[in-house]
Amino acid sequence: MAEPYTELHARSALSFLRGASRPEDLVRQTAALGMTALGLCDRDGVYGTARAQYATRELISEFHAIVGSELTMEDESVVPLLAETRLGYQNLCRLITRAKLRALKNDSRVLWSELEEGAEGLVCLTGDEEGPIRRALAAREFESAATSLARLMRIFGRERVYVEVQRHHVRGEEWMIRRLRELAEQFRLPLLATNGACYALPSGRVVFDAFTCQRHHTHLDEAGILLASNSQRYLKGASEMKGLFADLPEAITNTVRLRERLTFSLRDLGYQFPTYPAPEGETVASFLRIQTDIGAKKRYGRITSKIRKQLDHELAIIEKLGFCGYFLIVWDIVNTCREKNVMVQGRGSAANSAVCYCLEITAADAIKHELFFERFLSEGRHSWPDIDLDLPSGDRRESIIQSVYERFRPNGAAMTANVITYRGRSAMREMGKTLNLPEDTLKRFSDLYGGHGIADTGELRKRIGLAGLSAQHPRLPALLSLYQKVYGLPRHLGQHSGGMIISDKGLDSVVPLEPASMPNRVVAQWDKDDCEDLGIIKVDLLGLGMMSALQDCFELCRTRGNGREIDGMAAIPPDDPATYDMIQKADTIGLFQIESRAQMATLPRLRPRRFYDLVVEVAIIRPGPIVGNMVHPYIERRNGREEPDYIDPRFEPVLKRTLGVPLFQEQVLQMAVTIANFSGSEAEELRRAISFNRSEERMQKVLLKLRAGMDKNGVSKETQGRIEEAIHSFALYGFPESHAISFALLAYASAWLKRHRAAEFYVSLLNNYPMGFYSRATLVRDAKAHGLRVKPVSVIDSNLECRVEADDIIRLGLSQTKALSRSTAERLVMLRQERPWNDLPDFLARVRPNKKERRVLAKIGALNGLAEHRRDALWKAEQRVVQGDFFAKVANDTTTELPPMSSMERLDADYAGLGLTTGPHPMAYVREHCQAANIWKASDLEQGRDGQSIVVAGLVICRQRPSTANGHLFLSLEDETGVSNAFVPAPTFERYRLVIVQEPFLKIHGRLQHADNVTSVYTHHVSRMPFKTSLGTESHDFH
Amino acid sequence: MYGVLVIPNFFLQAQLRIQTELWKLPVVLLEEASKGNKDRGKARILQATKAALNAGVDLGMTATQGQARCGELQVLYRSSEDEKTAEAMLLDRIDLWTPDFEATAPGVCTLDLLGNGEARRSPERLGKKMVRLFAEHGLQAQVGFASHPGVALLAARQAAPVLVVGAVGMEEVAFLNQLPVQALMPSADLQEVLRLWGVSTLGQLRALPASELVERLGPEVMALIEGTQSRRRRLLKLVRPPSLFLQQMEFEHPVETLEPLLFVIRRMLETLAARLAAVHLMAGEIYLTLGFEDETTHERNFRVPDPSREVDLLFRILHTYLENFTAETPMVLLALEAMPSRALAHQFELFESSLRDPNRFSETLARLEALLGEDRVGTPEPLATHRPDAFVMKPFQEISRTDQSRRRSKKPTPLEAARQAAADTIRLGLPLRRFRPPERITVMTEKQGPIAILSGQVQGPVTQQRGPWLLSGEWWHDALWAFKEWDVQLEDGGVYRIAEVEKNQWILVGAYG
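Protein sequence lines correspond, in order, to chains D and W.
In this text, residue positions in the first sequence follow this note's numbering: the first is 1, and each later residue adds one.
In this text, residue positions in the second sequence follow this note's numbering: the first is 1, and each later residue adds one.
There's no promise every hint is true.
[What the hints assert, rightly or not] Between beta-carbon pairs, the in silico distance windows are:
1. W:Gly494 to D:Ser113: 48 to 58 Å
2. D:Leu466 to W:Pro330: 28 to 38 Å
3. D:Ala571 to W:Glu215: 53 to 63 Å
4. D:Ala103 to W:Gln19: 48 to 58 Å
5. W:Glu31 to D:Leu466: 14 to 24 Å
6. D:Glu159 to W:Arg440: 35 to 45 Å
7. D:Leu466 to W:Gln19: 20 to 30 Å
8. D:Leu466 to W:Lys84: 29 to 39 Å
9. D:Ser113 to W:Glu31: 50 to 60 Å
10. W:Leu91 to D:Met518: 56 to 66 Å
[Claimed, not checked] Chain W is faced by these chain D residues, among others (derived, beta-carbon under 10 Å):
11. Thr434
12. Arg463
13. Leu466
14. Ser470
15. Val995
16. His1020
Source of the hints: derived by calculation from the structure; they are not laboratory data.
As the structure is a computational prediction, the values presented were derived from the model and not from experiment.
All residues carry an ideal CB built from backbone N, CA and C; glycine is no exception.
Chain D on its own, in the form it takes in the complex:
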């Protein structure tokens, strides 16, 4: 390679506050400078290398992302190491993992003795101003510098140590270079020029300075000489570096020589998926076949030739791709779940596989639903297939995660990382602090922000103005510029919600591992996309609140007996008309996936009658398919207002079931195969382009291929345009069909339970809160609307959790009470089991709740069975009991003159102590006033005329402003008769932003709209609904 220089010491923003450009940007800039390799040395990790590697593979061919890392040593000096071979890389990963796992977060230190053990295959640079040699020289400790260099030479050998020289136009560096040259001559070591790049372009310096402030918990005015003295640590090209080191040409040529030696790249990662220990006499393939056959018999009863054919086809591909072990390991995890009595259901593309269905990994019958197996697995596919397992959230899921850790111990399993980036609020808050702006201005900006991105500076400027920062503020330009620059840059490393990577050969030699903030969890340094890019297999163990609720519900039904037993998902009767009736009426609060405002608006239009309709329903409400108030073509076609249009007759078999609208990713892939003869690998490329992490660059690349294929097949330009448009409009945001089926199964199960086991269902929902869209208050109101009696918390009758008292009565549990500690609640239940309370003093003396707990129990009426009314209980509960005085007895015979609480006071107390009320809805108390003011009830809206001007009022339960809705807002207001929905156009929202965002009760003036059984209010004006008490209500906002 004739390139005259290679930068071998760069840090990306994934060094967290020590670099200011993303790895992709560094790679792009390196390529723009005409260089084809870059040595990325992030601090104490290889965080950015996977991305650099990916950027190279996808965007720039022939680029070599050299893997390295700056290690912080025990003496706090920093040694950059570069991986020469795979062994070197493995050593590097192990060194980092060992240091990280024994240290507190961000405080890892490698021991010199460890470096000696793991030096093979690594090349060492002497480092920049933090390096051991320069640090010693700067302190005029010449002997120590020489000793340090000698140590490095002893550890790595003469061939693998380079004396690093840098020139940043800083006074004093020539003296330093002279000393380094002397040392290099003395030890006969080669010099190596680097620029220690921390950002791609000189403009990155401002972000670098801002990050420096954050690292030192200070601001720019105070940071002084901690900041950079100039902007020279950008990526420099060969000519610039040659000019800088004209007196040391060998330092430049050595970079090229070294680069040629560093042959390792992440392409040779050497990752191997764990092997499954097949029983003696069996191979993994034969064992998988046996297990599949056993499962098939169980699932289907009789294996028809069609089933046989599909299974053989799938097994052949699985075997050919070498994935048998993977299937068996996932099967094994599923078995563990069953053993531990944890509900489990596979989702994602795995549901396209009949083998997965037979192994009971998934619940969707791929053969019955005619699912496209190639979406899951095809011969052209290089990366591992996705098998996502949904588990009940909470402890049950954690027990499964821990069992996976246990099985691959030590260092064989890790959660994938989740890189948290600077977004609107965090970017503004952190940068504002860095610029030393007033705290309350930043707080007010956050309040005004509403949790969604701000695109252009104009808008941002306006909002900053509203927060109280003058447009003439001298720091405003710097704030705006920093905000834009820092937006999207990595901030810190979190862990992915459920993605686990595993290996039985030691994951710590594949990627460095570090402790997660959660106890007993280890997290890898790459996120799930990085892992996928590098071919590391991931098993997603996701937590679903609904799974937890369903499992609880099934258990409750079983315990209650009396014909209410339902033995799991499989036992739920399919195609139940009553359930579909309920769904069609959008009576779906509390149901999985189909309870959102947008779903509810679609259900009466789509009118699901069978299971596949639900699958479509789940898929259709995505950010893409419905934007604003647009009615989906699928609904138009289904309701006969539009004819199905297959764009090209060849698509009919593919698109028939969705009336010509490509809703699912599988359909898009099949379309590409049909119309442009896409091969398996091309289809895979398209799949990645349209999967969740959409990239326009990838998309354009695939579209080029698609067009070429279509040209070849003689597809007219017009049809080509329509095909592209269809892909863009719908399928880009689409689910895989199998995924929608898995979700629809849960949606149907939850709907059936709500319809036929309402008491058990609501109890399970409340006990698994938080989940879903609505607050507990709304769930309770909905339960009452379905004929259930919800009884309040009572120290005499309530258990820890909510429970079913009768088929139509549920009792709130003690855990619903705010401020009542779990330990007190548990003690209460335990002591009551010993013997019931004699009276209130007996209760207080035995349970000994603290002052706050006594008060809260009394005010929500939980002590009512032991006192005349809430105030009486409050009076009695206030009496002090001397701690430790077991003979002290609280008198019970005193009576009070305190009057009982008024209904409004009770409401206030309920919300303050519980966050909900079992009594009338708050709006019922102001109904008289509302009637006088001609304010409509939610239940009356259906009777209104389309276009009629009305006023509706209620408690805000949901504020939604999807990013694709062009700034429009969807509001849901609740009153005692139900929920009314309002559409707030963007300009109206902007006008009343603060009122809408801050006020719990709103009055909406607008025009009634009826369309396809859906009623909503088109908002013209919003005002505050005055309410006597300030209830601490909850709403689901801006998700």
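With chain D held as given, fit chain W onto it using these hints.
Chain W only, in chain D's frame:
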């Protein structure tokens, strides 16, 4: 008879007193955000104007919640300075009616009106007078009268704007019974219990059995009830005007020369010295205020390093300063205030010695300041920045103080550590003599750098050059700077540091050697 004058929403009023136009507008005052906890930045509304309350703004909301209710809401922050001024004004005027009064709380004064005839005859009229007087000073007051200070305070809080309880006014028992419990200012916890009990007036609270009340709510509740009862009297903590060491004079004829001024100053100093001597104190600082015909003022304070009440010495300090002082318009006002201080008793550290005559030294400094300008005397202290030659002039006393505090702090901050590391790095090579201010020069350059200095005190072709050293910073505000420094040797052998500060704008920074 006691009277209590209350300025409701005192903190807000203290500010609106100056900005009277805001009274009719929705304005709120935020409490000081508590620092160091997680609620930092979530300051709540403490006080609000009627317009704000009418617009639905409630106390205790955050500013954002307030703005949601009222788009035009203006937000103010507490200003201790305005509060101090308002409080001083309040106390200053109150002795019109009685010399015996108590500054009970900010914006609350309790007056012992035993000797006030008008208070006995017609408290109502007296109250109205008081309200009127403060209205003239921009404060809206409420006044209550009763035979007991506690009741008078409660009456003042309920007054609109004057309320007399007992004697000729409303019956005390009836007044107290209808009184909201919040008016007694119970603790938050007690208030919460009473709210839950539905007890909203003092009458309802008194109706509850006393012993059981105490059993539940502790002694606080009885203190609260008893505090309102006439039999529990308390002594007022009377305010006595502080001895003021202030002398002020408005000249009948504007003064244009120094002599008459110095004459007056000496006389004033003599009076001040005598007052100080009476209370065995010294003058630690002297504030001088000069007022001019064009309504401008000039203020200056002089530290007296070794506090003294010696007239000659104090006079010399002022004389030295005024000798070099010029003003554009004649003087019409002179004020001198001495800040009392105890005589200096100072223990020095081992290697620290006292100046032989600190006042003399201070005087010399004052002379230097007069000659050179205030910001040019002191000890230069380098700033912790990369900006070349950045320093501040620190007065001598301040430096010795910061040195001490630095010695005390144990763990250095990252900046201090970096600064120490930079200081520990001994720079070898020739010393640099800086030219202050640097001279503007013209430099001829080629691609590799400067080749000749064409103008300025040193000129000639460059025979050798090193550089450039690039320095830039403070990009976040208008003061951003960038230096491109070169070290050059001219034909005559002299080595200089020059810098390009903007495109083709060069300065001669200094000479080596």
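* Going back to the hint list, which numbers does this structure go against? -> 2, 6, 12, 14 and 16
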